[in-house]
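A.B. asks: Listed here are the chains, written in short residue letters.
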Amino acid sequence: MRLFAPTLNGLSFFMEPHHFFTAQRVLIVAGKGGVGKSTLATSLAYLSARSGMRTLLVSLDAPSTPIPPHDLLEQITVSPGRALADYLATKGLGLLSRQLAKSGIMELVATTAPGLDDLLVLGRIKAFEQELRADVIIVDGPAAGHALDLVRAPAQLKRAIGNGPISSQADEVIAMFADGTRCKVMLVTTPAITPVTETCEAAEELRDQAGVALAPIVVNKYEVLVPTIDTTSLSPNSRDALQYLAQRGVAQTDALGVLSDSLELPQLVTKRHRLTGEELVVALAEDLEEAIKAMP
Amino acid sequence: MSEQRIIEICQSAKIIVTCGTGGVGKTSVAAALGLEAALKGRRVVVITIDPARRLADAIGLGEGKGNELQRVPLDASGELWVTMLDVQETFDSLVRDTSPSEERTAEVMNNSFYRSLSRSLSGTRDYMAAERLHSLHNDPRFDLVIVDTPPSRNALDFLESPERLARFLRHPIVKFLVAPSRGGLRFANAAMQPVLKAISMVVGGDALTGAASFLKVFDGMEAEFSRRALIVAKALRSDASNFVIVTAPSADALTEADHFVSELSRLGISLQLIVANRMPPRFGTLTATEEQAAAAATSGDLALAHDLIAGLCEDADAADASIASFVQRTTGRFPQVATAHATELPTDIHDMASIRALAEQLAASPSRQ
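Those sequence lines, one after another, are chains A and B.
Position one of the first sequence corresponds to residue 1 (full-length UniProt numbering), numbered consecutively onward.
Position one of the second sequence corresponds to residue 1 (full-length UniProt numbering), numbered consecutively onward.
Simulated crosslink set (SDA-like; lysine to any residue; CA at most 25 angstroms straight-line):
{"id": "1", "chain 1": "A", "residue 1": "K91", "chain 2": "A", "residue 2": "S79"}
{"id": "2", "chain 1": "B", "residue 1": "K197", "chain 2": "A", "residue 2": "G81"}
{"id": "3", "chain 1": "A", "residue 1": "K271", "chain 2": "A", "residue 2": "T228"}
{"id": "4", "chain 1": "A", "residue 1": "K91", "chain 2": "B", "residue 2": "K197"}
{"id": "5", "chain 1": "B", "residue 1": "K197", "chain 2": "A", "residue 2": "R98"}
Don't read these hints as lab results, they were simulated from the structure.
When you get a sec, could you build the whole thing from the sequences and use the hints?
C.D. replies: Written as structure tokens, this is what we have:
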């Protein structure tokens, strides 16, 4: 690991982004569709790079979010669908693996050992971590519901294949998950009751059943609350619109209440922006920076 | 005319398949279409793969109910039933249905490869979704089966699962594993050796032996498996089936919706309906420009209120524009496609009353075609 001169100003009681990012080497970002997981993962990676750390953003799918250029930020795609083929290729069996894939036999192999793709992906992430490929590795991870499958894949696979040839790889990944200083899972939600409920379930399963350390929860797309004003001067349409926004605000506050009551994890709140692409990534990185600095 | 089209679909379709990415309200739309059809007197069953907990509760799908059919209490001439897809249970009952003897059934069920096959998510789930559709489609208790596909890019894979299964079973290595052999894998012929070696290297020899013994037991049963799967494939491509894409106006959701459009087009399946769900509401003649001007002319909380209303108007404008352009792109491929809109409610869909409200919105949605 690179050493960082702590930017001590002696007076700061607050967390600096680089402390936040060095609390673990691998951060797996997970969240259900529509919460903005990939954008958030990209913003985190961008913020990490901007805070002076060599950062690797690992995508499990071709990335759809544009990445703001930064010298310290590198992106790599590790696709589960190709993990087995890649693994065979590294063993000098590339030609064979292409034949297998073409004939559909790859599916037989994957079925014989469920979770194999996931393990091979995790194995590559673990290798990046071990060879210190970067100071910070951010994984644009799976949907929240699939995070548990991913984390459990190594143990499940070990049971299926016994002492097969890749069980040592499974052991190494299991060791990484068991150590919160090496790897944490960061759940992303929006402040609405359905995603919050699912996030709480996922968090409990990950922490209590799989024994994985959790990073602070990101609450994305937070909407500014409607002020209480005298609406007599407003048109009926405006009053209706404000009433709608107020109802949404109440639903948002309720959802956040459920989240705080059910999960004792710090929350990083990022706002809803009417932006897209790189602009959105940068705006969210700024929100994150502010939220991280406000953490005790 | 979308109004007529939705009613027509709910009245005459035998199968409706909804697809869309996560968070667009696909399951709610599936339930709302089911409700609409039940209110028109039809006997409907909705199969959902992985519903959000609250929605599951709303429509009466409790935890651990597996494949059980649940009837939604309704004051209607028709019936609305809902069920989840339990992959293991579906596979088990398929094995029981097609097995020539109880011994054979027991042998399959106890095989370690079979157990991992039915538990692993990929291919098997798709195939079981198709199988479940087959059995409910042929169930005389129902006139309409609605399939709510999983919120995944590969949601339409189940349409191709019969072909994939057939291709898989025809593969030489599978035939070899199935063929009666004199001494097991050690006697594999020269051409097969590198393949077996590679597989053993990755998964270990024991797992491969398990697979081989499963395929042997399975031999003979797969013809019936394929036959049923091909019936489903045919039904899905017939006029009795209607495909619906559900989307939200966000860029992410529309990228996925575009992907589904090209998948359907590639599979030679026609798209009947686009549901633009979670549209920001409009409030009369309010416009973003006027609200921004009002915000500039005022101060403090009043200005903030106008700003927030302006934001809502901007959302509505942006949503209309992106949906219109999606519809236009899609009409290029599917000229007959109709569009229905539903606005986002201030709270999540969490009970039958909100599903009913959604159904009413969809049925009354102004025509855009």
